[in-house]
Structures are given as structure tokens and as C-alpha cells.
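Peer 1: Sequence:
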Amino acid sequence: KDILLGEKLSKDTKENAEHVMLVDLARNDLSKHASNVQVEVFKEVQYFSHVIHLVSTVQGKPKGRAIEIVGDTFPAGTLSGAPKYKAMELIDRYENQTRGFYGGAVGFIGLDNSVNLAIAIRSFVSKNNTLYSQAGAGIVINSSEEGELQEVNNKLAALKKALIMASTI
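Residue numbers (the UniProt record's numbering): 1 to 169.
No lab work stands behind these hints, which were simulated from the structure alone.
For glycine and all other residues, C-beta sits at the position ideal for the given N, C-alpha and C.
Warning: the hint list may mix true and false statements.
Pairwise CB distance ranges (calculated) [said to hold, decoys possible]:
id, residue 1, residue 2, range
1, 112, 72, 14 to 24 Å
2, 132, 38, 29 to 39 Å
3, 163, 62, 35 to 45 Å
4, 17, 113, 34 to 44 Å
5, 40, 127, 37 to 47 Å
6, 43, 129, 40 to 50 Å
Capping the alpha-carbon separation at 25 Å, the derived lysine to any residue pairs in SDA-like fashion look like this [said to hold, decoys possible]:
id, residue 1, residue 2
7, 61, 116
8, 160, 48
9, 155, 124
Using the sequences and the hints given, assemble the complete structure.
Peer 2: Here is the structure:
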């Protein structure tokens, strides 16, 4: 069943348009402080516990400090949209609460200019004995409200499952 869903995803015009936009944004962001920016892997179907994704890898040779590259690439296009600056203005205007930890990063920037970061999505934040989580979906011209809501619910399903499993420990 997953293989059929993966094939359907790889042919979906809306999902492909969204993915190409995000790859272009990543290439643009990296090009500010990296040279020889290339797409190493393009639209590979990857399977996870509750979602199937198109995945691409964009790489370049750093020509600046790691912190500059992090500054250029965060928030990631998958969390902002494009064009990034305008999308961030709209997020600030229309979202009724700040994203806080969501969409940020967990990891390190080493004194040797090394970087290892993970985007903080599909994660819990614990505050005052309450767990918080957030999820989102990319809106493009062919999006449907029902489809995007289903995407959000699929993303949150793994967190819900983790809570259920934790309650039995």
C-alpha cells in the first residue's frame, strides 16, 4: 500500500510544484555563502512511520562562516514558504501565536565551523508539565483545505502514538 501511495505522491502535480519551490529556495539560500551549489538527490520518495515525503538533497561548498549559512537558511523554506521574506511577513501577520521552538533547530555549531542541526518539527516542548506540539502543511495554488488538514493530522499522528506508548511504560 505504501509503495502505491509513494508512486501517487511522485506523480502529484501539487506536491511536485511545492517540492520544486522548496528546492529552489534551498539552492538560493545556500548560494549566499556557498559555491558550487547543486541538487545531489532530487525528489526521492522516502517512507516514514506516518508520512511519505519527497526528499531532495542540496549541497554546496561553504565560502563563509557556518553561522552565516545557518542565518541564510533558517527558517527553512519548508517552514516559511517562498518568497521567504514575504512569506515570513504574512506568517507574522496572520498566525495568532508565535512558533516558539517549532521550526527552529536543535544541534550545534562547532568552533571548527562544523554544523549539525535538525529542524524542530514533529517534536514536543514541555512547559509547566504540559506538552506542546505543532504541525503545518505547505499551501500552494492547487492545495485543498481537506488535503492540507489531513497532512497536518498525519504529521501529528506519530506524536500521538508516542504519547500512547509512553503511557504504558
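Peer 1: Evaluate each hint against the coordinates.
Peer 2: Okay, the hints, checked on the actual structure:
1. Residue 112 and residue 72 have their C-beta atoms about 20 Å apart, which keeps the hinted 14 to 24 Å range intact.
2. Restraint check, residue 132 to residue 38: a C-beta distance of roughly 38 Å satisfies the suggested window 29 to 39 Å.
3. In this structure the supplied range 35 to 45 Å holds for residue 163 paired with residue 62, their Cβ-Cβ distance being about 39 Å.
4. A beta carbon spacing of about 35 Å between residue 17 and residue 113 agrees with the range 34 to 44 Å that was offered as a hint.
5. Evaluation of the 37 to 47 Å hint for residue 40 and residue 127 yields a pass: the beta carbon distance comes to about 38 Å.
6. Take residue 43 and residue 129: their Cβ atoms lie about 42 Å apart, and the range 40 to 50 Å holds.
7. A hinted pair counts as satisfied when its Cα atoms are at most 25 Å apart, and residue 61 with residue 116 qualifies at roughly 15 Å.
8. For the given pair, residue 160 sits about 15 Å from residue 48 by alpha-carbon distance, which is consistent with the 25 Å threshold.
9. For a cut-off of 25 Å, the pair hint linking residue 155 to residue 124 stands: about 13 Å separates their Cα positions.
When the structure is compared with the earlier hints, no violation turns up for any of them.
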